[in-house]
Amino acid sequence: MRVMQQISSILSFFPVIGLAALGGFLSQKSGVWNLSLEGIMAFGAFSGVFAYHYFGGSIWVSLLFGFLMGFVIGMLLSALTIRLSLDQVVVGFGLWFLTEGLAGFLYNTLLPSVKVKETMGFRIFSLDSVFYLTLLSFGLIHVVMKNTKQGLTVVAVGENPRAADVAGIDVSKVRWICTSLGSGFVGLAGAYLSLVILQGFTYNLVAGYGWTAFALILFGRWKTSGVFWGSLFFTFLIGAQTRLQVAGFTFIPPEFVVIIPHLGVIVALATAGAMGKKAGMPSALGVHYDRE
Amino acid sequence: MRGITKRFPEVVANDHVDFDLRRGEIHSILGENGAGKTTLMNILYGLYRLDEGEIRVNGQRVSIGAPKDAIDLGIGMIHQSFTLVAGLTVLDNIILGREPTRGPFLDRERADREIIELGERFKLKVDLEARPERLSASGKQKVEILKALYQGAKVLIMDEPTSVLLPQEKEELMRALKEIAGEGFISVIFITHKLPEALEISDRITILRRGRVVDTINAGDVDVKDLARMMVGRDVLFDIERAESEKGERFLEVEGLEAFDDTGVRTLKGVSFEVRGGEILGIAGVSGNGQEELIDVIVGLRKASAGKVFINGGDATNLSPQDLRALGVGYIPEDRMGRGVMPELSIKENLILGTHSQKPFANRGPLPFENMWFTDQNHVYEYAKRLVEEYNIDTPSIEKPAGKLSGGNLQKLILAREFSRDPQLLIADKPTSGLDIGSQEFIRRKLRGKRDEGKAILLISEDLDEVLGMSDRIVIMYEGRVVNVVQAERISKEEIGEMITGLR
Ligand SMILES: Nc1ncnc2c1ncn2[C@@H]1O[C@H](COP(=O)(O)OP(=O)(O)OP(=O)(O)O)[C@@H](O)[C@H]1O
Ligand SMILES: [Mg+2]
Numbered sequence: 000m001r002v003m004q005q006i007s008s009i010l011s012f013f014p015v016i017g018l019a020a021l022g023g024f025l026s027q028k029s030g031v032w033n034l035s036l037e038g039i040m041a042f043g044a045f046s047g048v049f050a051y052h053y054f055g056g057s058i059w060v061s062l063l064f065g066f067l068m069g070f071v072i073g074m075l076l077s078a079l080t081i082r083l084s085l086d087q088v089v090v091g092f093g094l095w096f097l098t099e100g101l102a103g104f105l106y107n108t109l110l111p112s113v114k115v116k117e118t119m120g121f122r123i124f125s126l127d128s129v130f131y132l133t134l135l136s137f138g139l140i141h142v143v144m145k146n147t148k149q150g151l152t153v154v155a156v157g158e159n160p161r162a163a164d165v166a167g168i169d170v171s172k173v174r175w176i177c178t179s180l181g182s183g184f185v186g187l188a189g190a191y192l193s194l195v196i197l198q199g200f201t202y203n204l205v206a207g208y209g210w211t212a213f214a215l216i217l218f219g220r221w222k223t224s225g226v227f228w229g230s231l232f233f234t235f236l237i238g239a240q241t242r243l244q245v246a247g248f249t250f251i252p253p254e255f256v257v258i259i260p261h262l263g264v265i266v267a268l269a270t271a272g273a274m275g276k277k278a279g280m281p282s283a284l285g286v287h288y289d290r291e
Numbered sequence: 000m001r002g003i004t005k006r007f008p009e010v011v012a013n014d015h016v017d018f019d020l021r022r023g024e025i026h027s028i029l030g031e032n033g034a035g036k037t038t039l040m041n042i043l044y045g046l047y048r049l050d051e052g053e054i055r056v057n058g059q060r061v062s063i064g065a066p067k068d069a070i071d072l073g074i075g076m077i078h079q080s081f082t083l084v085a086g087l088t089v090l091d092n093i094i095l096g097r098e099p100t101r102g103p104f105l106d107r108e109r110a111d112r113e114i115i116e117l118g119e120r121f122k123l124k125v126d127l128e129a130r131p132e133r134l135s136a137s138g139k140q141k142v143e144i145l146k147a148l149y150q151g152a153k154v155l156i157m158d159e160p161t162s163v164l165l166p167q168e169k170e171e172l173m174r175a176l177k178e179i180a181g182e183g184f185i186s187v188i189f190i191t192h193k194l195p196e197a198l199e200i201s202d203r204i205t206i207l208r209r210g211r212v213v214d215t216i217n218a219g220d221v222d223v224k225d226l227a228r229m230m231v232g233r234d235v236l237f238d239i240e241r242a243e244s245e246k247g248e249r250f251l252e253v254e255g256l257e258a259f260d261d262t263g264v265r266t267l268k269g270v271s272f273e274v275r276g277g278e279i280l281g282i283a284g285v286s287g288n289g290q291e292e293l294i295d296v297i298v299g300l301r302k303a304s305a306g307k308v309f310i311n312g313g314d315a316t317n318l319s320p321q322d323l324r325a326l327g328v329g330y331i332p333e334d335r336m337g338r339g340v341m342p343e344l345s346i347k348e349n350l351i352l353g354t355h356s357q358k359p360f361a362n363r364g365p366l367p368f369e370n371m372w373f374t375d376q377n378h379v380y381e382y383a384k385r386l387v388e389e390y391n392i393d394t395p396s397i398e399k400p401a402g403k404l405s406g407g408n409l410q411k412l413i414l415a416r417e418f419s420r421d422p423q424l425l426i427a428d429k430p431t432s433g434l435d436i437g438s439q440e441f442i443r444r445k446l447r448g449k450r451d452e453g454k455a456i457l458l459i460s461e462d463l464d465e466v467l468g469m470s471d472r473i474v475i476m477y478e479g480r481v482v483n484v485v486q487a488e489r490i491s492k493e494e495i496g497e498m499i500t501g502l503r
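Top to bottom, those sequences are chains A and B.
Read in numbering that gives the first Met the number 0, the first sequence has 54 at position 55, and its numbers run on one by one without any break.
Read in numbering that gives the first Met the number 0, the second sequence has 439 at position 440, and its numbers run on one by one without any break.
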């Protein structure tokens, strides 16, 4: 029984990593780097707590608000990169700094230190409904990518926008929908982190999880299943790290324990980077498409 | 199409062009490189927006703002460079944009049935499970045609479809197109640089020159000479005389060369031959029989797994492309956009690419280093200007990105760069493909000239007429081996055709 408890308590962190990775994945599949995951999560986290405080204390409404704010940032990212054809890397980093900074600033000025008292009700194996929603989203996106018209369209746009355009597909539209929807997921991941896991907003609460999620997309070789298993694996790494710290193992220096997940990220990036196209990276990822 | 006008910065690509197409006809468009053929078709397909003029379909005035509008009107286009998505199956590529569904899901079974039916009707066979990147050019083309037909095309635009095909495949395509048009519902617009082809396949022919229509005529009323004159505005020589030249020293020698392709299959299985100065050695073979790997190894882009390459008697096996260049190897690649130029850089910059950091294009400036970091802009400008003129590259400005040139002019740019570097050995991979007849003549003359100067030339081409007409000797490759080396004047086109397909 103790083992089961340990496992569900580790798994309860899964939505944070999983939803963020899934969101970034969606955008990358359509050919747009979303390099602002870290910032969008922070902003989602702030937005969730903000909504909790001002809109009547429902956790579901707060989570939804986190999603919406992520979506809005995604639309901004799309407008800048797709419409105004600005460089995706520059915009991505810019939005990261902007949203992360803004989240901290707005929290300090607008919110008294809010403590989230409500918890998620419904549970199976002591895991809440967002956990199961995350699982469901993975399954859904997997099926959509493989077996629907929409999925085929997204893959075509990410691989060869010219071919998609010639086949009568509106490349910009597909890209902005994927980017915005994806950012919505990222915002939701942030809101879940603040509302449910930490039960409040703290400065620098995202602490690199956005970049972990980003690395997972590469690690998962741009496959839904890959991203899923990667997210699960990292959830356990993160869990192991915090638990080892708490347990106070003396034979491993605590500094080393803290870097475990980050080591994983470096390994993931290095292998995906070395394999490049062979790793399954969408061919037109990061490439702006213009017709004439 | 009436009064179609399209202006790009500094060029009028189409100048009040009138063009009409009847139901069930095959209508060819001819014109020199840069005449505006592709532009006109891109307008019809909604890829470019027209500046003036109108398009009518069945008498109705229509506005085509995106390919989707064109597809809805029953217009399908097969581009000069294929537009297939690597990584998706052939089936998915064909249904893309018009996917059959059952509920929320793709109905791949129905698609499969419908495509096989279409294929049988028009005698177009493809493997639906394959990935397009594994297919030959002709296979990809069939996929593209099926895709257009599957989307319900009543008008099939084919932009230089035959330039990538072998003689037999060409016949096959022509037959399929006649079949398609023969039913009387579907019309074909056929762009080509090969005049006999246009005469053979078309009902009518429209000729463009510098963005304007010269004339639209019935194919039965003219011959090749007339067409050439209308296109170029002067008479064109079709055959270049072969003069004996002095054979020089052995410049390139390969011995038992073996190599693997990208998928790890050994496609080059022990090839030996030599090229002397003052000779053009042709390599004939159906693509996929090891020529690609052979060239890659010689120019340093692929490692040889066995065997040796000698240049001027010295071992040059597996040297880097830079070292090979320094030994006097020039390379005109088939893949123009990928290997030939940097599409984003200007024409000027592309012309000095590779020698940009050497004298006289660069200098040391005031710095006391060996490296020449400063570009001599004036010199580069003059040099590029001269080459553009000499090679007749049709462009309003040498500052334009190379990627915006028309297909044939891009080829001329690469030729200009490589020729002017004065290589000792020139490897020319399908050097005239996509060129109009005037430019073909020009390039062949240039190649001949280099040979007469005593340079060694390795010519790879699938155009048997070209190999036969240009080469002194011909190496025939089949399945990664040299099956024969023959003197060009002692063999016929038919005999080569049989050897490269393994029939002899
Ligand atoms: N996207 C573009 N931007 C700027 N100029 C262009 C563009 N596309 C074509 N042009 C110019 O328009 C003219 C016509 O080009 P087009 O591609 O239609 O020629 P083409 O007849 O198809 O030639 P080819 O036989 O070489 O393919 C050329 O001068 C070309 O440089
Ligand atoms: Mg063209």
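Honestly, the hints are just simulated from the structure, not real lab data.
Honestly, I wouldn't trust all of these hints.
Listed below are the simulated DMTMM-like cross-link pairs for lysine to aspartate or glutamate, each with C-alpha atoms no more than 20 Å apart in a straight line [to be verified]:
no.	chain 1	residue 1	chain 2	residue 2
1	A	Lys148	B	Glu98
2	A	Lys148	B	Asp106
3	A	Lys145	B	Asp106
4	A	Lys148	B	Asp17
5	A	Lys172	B	Asp111
6	A	Lys172	B	Asp68
All of these numbers come straight from a predicted model, not from anything done at the bench.
These are the hints, each one checked on the structure:
no.: 1; hint: Lys148/A x Glu98/B; result: 6 Å, holds
no.: 2; hint: Lys148/A x Asp106/B; result: 9 Å, holds
no.: 3; hint: Lys145/A x Asp106/B; result: 12 Å, holds
no.: 4; hint: Lys148/A x Asp17/B; result: 38 Å, violated
no.: 5; hint: Lys172/A x Asp111/B; result: 28 Å, violated
no.: 6; hint: Lys172/A x Asp68/B; result: 16 Å, holds
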